[in-house]
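Student: Sequence lines, in order, name chains A and B.
Converting from the first sequence to the numbering used here requires adding 18 to each position, the first position being numbered 1.
Converting from the second sequence to the numbering used here requires adding 8 to each position, the first position being numbered 1.
In case anyone wonders, no lab produced these hints; they're calculated from the structure.
Glycine is no exception: its CB is placed at the ideal position from the N, C-alpha and C atoms.
Please note that the accuracy of each hint is not assured.
As the list claims (entries may be wrong) - DSS-like mimics (lysine-lysine), calculated; alpha carbons at most 30 Å apart, straight line: (1) B:Lys-231 to A:Lys-120; (2) B:Lys-43 to A:Lys-120; (3) B:Lys-279 to A:Lys-129; (4) B:Lys-231 to A:Lys-72; (5) B:Lys-231 to B:Lys-43; (6) A:Lys-129 to B:Lys-167.
To be verified - Beyond 12 Å from chain B on every Cβ pair, some chain A residues (computed): (7) Ser-25; (8) Ser-58; (9) Ile-74; (10) Ile-109; (11) Arg-133; (12) Glu-134; (13) Ala-165; (14) Ala-168; (15) Gly-181; (16) Thr-187; (17) Asn-198; (18) His-226; (19) Ser-240; (20) Gln-244.
What the hints assert, rightly or not - Now the stretches of chain B that chain A is said to cover, found in silico as 3 or more residues with beta-carbon under 8 Å: (21) 144-151; (22) 180-190; (23) 227-239.
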Amino acid sequence: MPELSCSHLTLGYDGHPVLSDISFSVAKGDYLCIVGENGSGKSTLMRTLLGLQKPISGQIEWGADLRENEIGYLPQQTTVQKDFPATVWEIVLSGCQGRLGKRFFYSRDDKALVRENMEKMDILSFSRRCYRELSGGQQQRVLLARALCATQKILLLDEPVTGLDPKVTAEMYELIKRLNKSGVTIIMISHDVMTAVRYASHILHVGHSVFFGTRDEYTRSSLARQFLSVERDD
Amino acid sequence: MLATYLTFPFVRYAIIVGTLIALCSSLLGVTLVLKRFSFIGDGLSHVAFGAMAIAGVLHLSNNMLFVLPFTVLSAVLLLRTGQNTRIKGDAAIAMISVGALAVGYLLLSLFSTSANLSGDVCSTLFGSTSILTLTPGEVRLCIVLSVVVLTVFILFYNKIFAVTFDETFARAAGTPTDAFNLLIAIVIAVIIVLAMNLVGSLLISALIIFPAMSAMRLFKSFKGVTICSAVLSVTCSLAGILISILASTPVGSTIVAVNIAVFIVFSILAKCLGGTHS
Ligand SMILES: Nc1ncnc2c1ncn2[C@@H]1O[C@H](COP(=O)(O)OP(=O)(O)OP(=O)(O)O)[C@@H](O)[C@H]1O
Ligand SMILES: [Mg+2]
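The following block holds chain A by itself, in its conformation from the complex (with noise of 0.2 Å):
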């Protein structure tokens, strides 16, 4: 039984589509890499999953253990405005929101997982640190642990590594391999194809050609010979 499985998925804005006939499926534990180019529609896709926004056609099944509202979700851009006034422990505690169900107020259990899941991303110590002030990496895992708030099964990022320098981005794919590695669900949106491949069960390639399999079969295919020598070249 897939965690996520799509079919004929053809998605786009106001009836344009932007990505047409994708299909591809999710098993637990898997490490699933989304590739493309800029503007091809990564990032729809992933709103698409998350029910952002409708399907122009075809089918989104979750798995049948997942309950509604269990995906952690990794946003591109957090358009957080600059002047906001909010703890990290503000903000990680809002990834809570969905278990509140009919409830009102957070309870002992919700702050005992924030504060487990602040501990897993390390920025404990910076609990009542006002997010804005913090670096784009130290933010990045804020907001990592908000996502883990959500689910402990599935977890959907979008290029989390976007602005990141090269030693905090390794700290930062490291961090989801161990996410992964302890049985998380991992749908990472990257255009980075080297990592994608190096760290990835299975690849999405979408864009002109679509391209969906495990890591070695998209090695093999002709696509990412493409791919990967065009990235070298530059």
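For chain A, the structure is supplied; the task is to place chain B with the ligands on it using the hints.
Tutor: What follows is chain B with the ligands alone, placed relative to chain A:
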């Protein structure tokens, strides 16, 4: 001297109503400022003026029963236009708010039987003395509505924070963000109608925005800003009402002036402290 004034029921009414309105408006003010919804507050206050004028022309016995639903409805419509198309939405809101102002004044000058038209208009726009002429019925309505607003805010505090901080994430987490935006708009409409009594329709935005902006100078957490903003707003309003009684200045403008003074003080404090509080 103050004690003598406090024996008058209308002074006590003014203080009760002023405190409640200040509290409600400052709580929602934080969200409004952070969501970039200030424009809705501004637009709505003008709409409320138009509604007041229509109510006046129709000789309704109870203005509130007309003005409140009318403003709430406008809030819903403004939110729709504001969200659908960002840039055009702004222009639409400007048109609605200025239009309501113009039509309201036009109606009043055409149909009003009052001998002192410009005085009436002035008091609707700037509040002047209407807070000192509240009837017990109006005070009761105000208390009930304030309690409703406060309850809604406290119960939904966590969701309001979530929707304000990151609407996309909130939606992905299953929070009905559209419903919450609607709730926020409706609550704002209610507050604006209430606050018209206190500061008049032109100055309402000040009551909503200033405490939040002052609090944001010094505090770095959402909770801190919310609490500080509430405390500031209540203090400024009380001070404003008392000063205006003692010095016979217009209530609304005095309250806003106190708010401005506090904002300046907080800005200077923030500069001095380097903004390290949480
Ligand atoms: N809100 C929108 N309305 C209409 N079209 C949009 C909207 N957002 C994106 N698009 C279009 O959809 C296409 C895909 O955009 P998308 O953001 O999914 O690309 P992407 O693969 O995530 O790119 P990047 O690598 O730059 O993040 C683009 O051509 C873009 O212009
Ligand atoms: Mg993208």
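Student: When you look at the beta carbon of Thr-187 of chain A, is every beta carbon of chain B farther off than 12 Å?
Tutor: Check passes; 22 Å lies beyond 12 Å.
Student: When you look at the beta carbon of Ile-74 of chain A, is every beta carbon of chain B farther off than 12 Å?
Tutor: 19 Å, holds
Student: Given the proposed pairing of Lys-231 of chain B with Lys-72 of chain A, does the C-alpha separation stay at or below 30 Å?
Tutor: 35 Å, violated
Student: Classify the label on Arg-133 of chain A as holds or violated, using whether its beta-carbon is more than 12 Å from each beta-carbon of chain B.
Tutor: Per Cβ check, Arg-133 of chain A is outside 12 Å of chain B; nearest 17 Å; holds.
Student: Quick one: see if chain A covers the segment 180-190 of chain B, three-plus residues with Cβ-Cβ under 8 Å.
Tutor: holds (count 4)
Student: Does the claim that Ser-58 of chain A lies off the interface hold, with its Cβ farther than 12 Å from every Cβ of chain B?
Tutor: 20 Å, holds
Student: Lys-231 of chain B and Lys-120 of chain A: Cα distance at most 30 Å?
Tutor: 22 Å, holds
Student: Confirm or reject: Gly-181 of chain A is not an interface residue toward chain B, with every Cβ-Cβ distance exceeding 12 Å.
Tutor: 18 Å, holds
Student: Grab the minimum beta-carbon distance between Gln-244 of chain A and chain B and tell me whether it stays above 12 Å.
Tutor: 33 Å, holds
Student: Far enough from chain B: is every CB of that chain over 12 Å from the CB of Glu-134 of chain A?
Tutor: 18 Å, holds
Student: Any Cβ of chain B at or closer than 12 Å to Ala-168 of chain A, or is the non-interface label fine?
Tutor: 5 Å, violated
Student: Non-interface claim for His-226 of chain A: all C-beta distances to chain B beyond 12 Å?
Tutor: 28 Å, holds
Violated hints for the displayed structure, listed by number in ascending order: 3, 4, 10, 13, 14 and 21.
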